[in-house]
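K.L.:
This is what each chain is made of:
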Amino acid sequence: MTTTTRSSAAAKSRAGGLSQTQKNLIADILTHATLIIVSIIMVFPVLWVVSTSFKPQAEVESSRITLIPQTFTFENYDHVLNGLTYTVQERGADPYEVNLFWTWGRNSLLIALITTTIGVLLAASCAYALSRFQFLGRRAVMIVFLITQMFPGAILVIPLYNILNDIGLLNTWQGLVLSYCTVALPFSVWMLKGFFDAIPYDLEEAAIVDGCSPVGAYWRIALPLTLPGIAVVAFFNFMTAWNEFMLALTFMTGEANKTLPVGLRNFVFQFNTDWHYMAAGSVLVTIPVMIGFFYAQRYLVSGLTQGGVKG
Amino acid sequence: MVKNRLAYMFIAPAMVVMALLVFYPLFSGIYLSFTNADQFNTTRRIGANVIPASYQFIGLQNYTDILNIPQYEFWRVFGQTVLWTGFNVVPHILIGLALALLLNRKIKGRTIYRILLILPWAVPSYISAFVWRFIYNGDIGLLNNLMRDIGLGSVPWLSDPGWTMFAVVVANTWLAIPFNMVTMLGGLQSISPELYEAAEVDGANALQKFLNITLPMLRPVMMTATLLGVIWTFNSFNVIFLVSEGGPARATEILATWAWRWGRDRSEIGIGAAYSVIILLILLVFSAVYVRVLNRRGQESAL
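Taken in order, these protein sequences are the chains called G and U.
Count along the first sequence from 1, add 878, and you get the number used in the numbering used here.
Going by the numbering used here, the residue at position 35 of the second sequence is 30; the numbering climbs one at a time, nothing skipped.
One thing to keep in mind: the hints can contain errors.
[To be verified] Derived lysine to aspartate or glutamate pairs resembling DMTMM-like cross-links, with alpha carbons at most 20 Å apart: (1) U:LYS204 x U:GLU192; (2) G:LYS901 x U:GLU195; (3) U:LYS103 x G:ASP906; (4) U:LYS204 x G:ASP906; (5) U:LYS101 x U:GLU189; (6) U:LYS204 x U:GLU189; (7) G:LYS901 x U:GLU192; (8) U:LYS101 x G:ASP906; (9) U:LYS101 x U:GLU195; (10) U:LYS101 x U:GLU192.
In short, the hints are calculated from the structure, not lab data.
From a predicted model like this one, the values you see are computed outputs, not experimental measurements.
Throw the hints in and build the complete structure from the sequences for me.
P.N.:
Structure follows, in structure tokens:
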């Protein structure tokens, strides 16, 4: 392909003074230069926080810029992982001490895992029906999921707060899981529908002709074939819950009930700002989701644009 | 008929949960916006005692108050939200498109560039917000250290209204570029190479190919990215709330953070709910108009 395009274009550009090879070379150099500069801008803040996480406080707060820490220390990590203790005082029970970072981490993990499970379990059969069956109201259901996926938490946060308060689930992990399902469910339905659409219906059809029930075709054929897609959707649900900040900030008030995002905010906004601890905590919470993200991100984009374009 | 019933069985669990978790809160939010709910008349718990809610229906008063009483600062915050959204979405789309075009060229190291360029997407947005707040810090922040080193002196990144709006827009653009770039790249790669080959046979130059093939073919993807970008940016709570805290003097407050401040910080739940409904209405009207205009244009170009 390139050889034919070059020869035909080269004939044209002869009048321009530069040969096509020279033009291509200049274009390549400019492309690389731009991409390198933008890459540095995109990567630098991340490197900066990693670097900060290994610096002692004095170096973090000095006016010298050092990307490689002059004094390399694990003290920030040690403090974040082991040094954040908090005394829980519950009515009618003896006060006890907890390690806050691990407590927040456990809360985040529990909430993210349960949200993921509920989201995928409920979404899978719904997505399958939307992908395979023609039924009255199908289009309306799809639009409902599309729109709720697009409209974010900012609209529901106040009424959810009031409802959770009414039913006594404020400041509990159950309440937070329920509110995360408002995001996880429409997202999962929409993504999973895309994955079911991608598998041909022939296999299930053949099974049904052979006497398999439609439910059996779904359970034994379509679902196993979609497992990779389910894994991707599950990962995104996990990541969304793990990274969610606003709803957790609104609902979780007790220090020992917070999730990591709300807990880490303490380093930035409470009393004096502890940037060195913030940096260490940031690296710790980012690493688990970053690796999975690079594997799964390609599916996210195709899912979103397909959803938006094809409706 | 049988197929219908089966389909409804399949969708029932998800729909029931959606009804309970999305529609009920949505309608309860709309109802709350017509009440005088606050921290004194919503459900209160004192020890094991539960004092039930006693707020009352007050009609449109929250809305008329928001629009008319200066302390609610609706028009100012609305203006700031529109500016914030515009300042963000336009560069997001343009930079995303430019980077996608560069990445779509056959150059060495494409995979590495792609990984480096989407890195901000892999970082939780609240962490990115912390990091930008750190970088913008007036005394020990990276940017001001850099500015002082090269002799330009400190910049009030987060203490001057204009600079702060600039600073939060830059931080949010940094966050949003990966999504836009990857989306556009996906769009570019789905354009059939035969179109370009045919254009070359006809003697089209690079600019003509871009204007006559790339842009029209990319249009649906760009339009979707723009709509999503507007909705997400309009509501992007984390960056504003964590980088600038809406300050200085509420100069970077947007409707999403402002609704939260009334509903949660100040416990004026009715006002907060009314603000949420206003956000929803603005976005619904915008989306409807946008999609309508889009479809009409699409039909014209298809003819």
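K.L.:
Work down the list of hints and note, for each, if the structure agrees.
P.N.:
To see whether the hints hold, each was checked on the structure:
1. A hinted pair counts as satisfied when its Cα atoms are at most 20 Å apart, and LYS204 (chain U) with GLU192 (chain U) qualifies at roughly 10 Å.
2. Distance check on the hinted pair: LYS901 (chain G) and GLU195 (chain U) sit about 17 Å apart at the alpha-carbon level, within 20 Å; holds.
3. At roughly 9 Å between alpha-carbon atoms, LYS103 (chain U) and ASP906 (chain G) fall within 20 Å of each other, so this suggested pair holds.
4. A threshold of 20 Å between alpha carbons decides the hint, and for LYS204 (chain U) with ASP906 (chain G) the separation of about 18 Å falls inside it, so the pair holds.
5. In summary, the hint linking LYS101 (chain U) to GLU189 (chain U) is supported, as the alpha carbons are separated by about 16 Å, within the 20 Å threshold.
6. Taking the CA atoms of LYS204 (chain U) and GLU189 (chain U), the gap is near 12 Å; set against the 20 Å cutoff, the hint holds.
7. Of the supplied pair hints, the one linking LYS901 (chain G) and GLU192 (chain U) holds, its CA atoms being roughly 19 Å apart against a limit of 20 Å.
8. Pair hint LYS101 (chain U) plus ASP906 (chain G) holds up; C-alpha atoms about 9 Å apart against a cutoff of 20 Å.
9. Restraint check: the Cα-Cα separation between LYS101 (chain U) and GLU195 (chain U) comes to about 17 Å, which is no more than 20 Å; the hinted pair holds.
10. At roughly 16 Å between alpha-carbon atoms, LYS101 (chain U) and GLU192 (chain U) fall within 20 Å of each other, so this suggested pair holds.
When the structure is compared with the earlier hints, no violation turns up for any of them.
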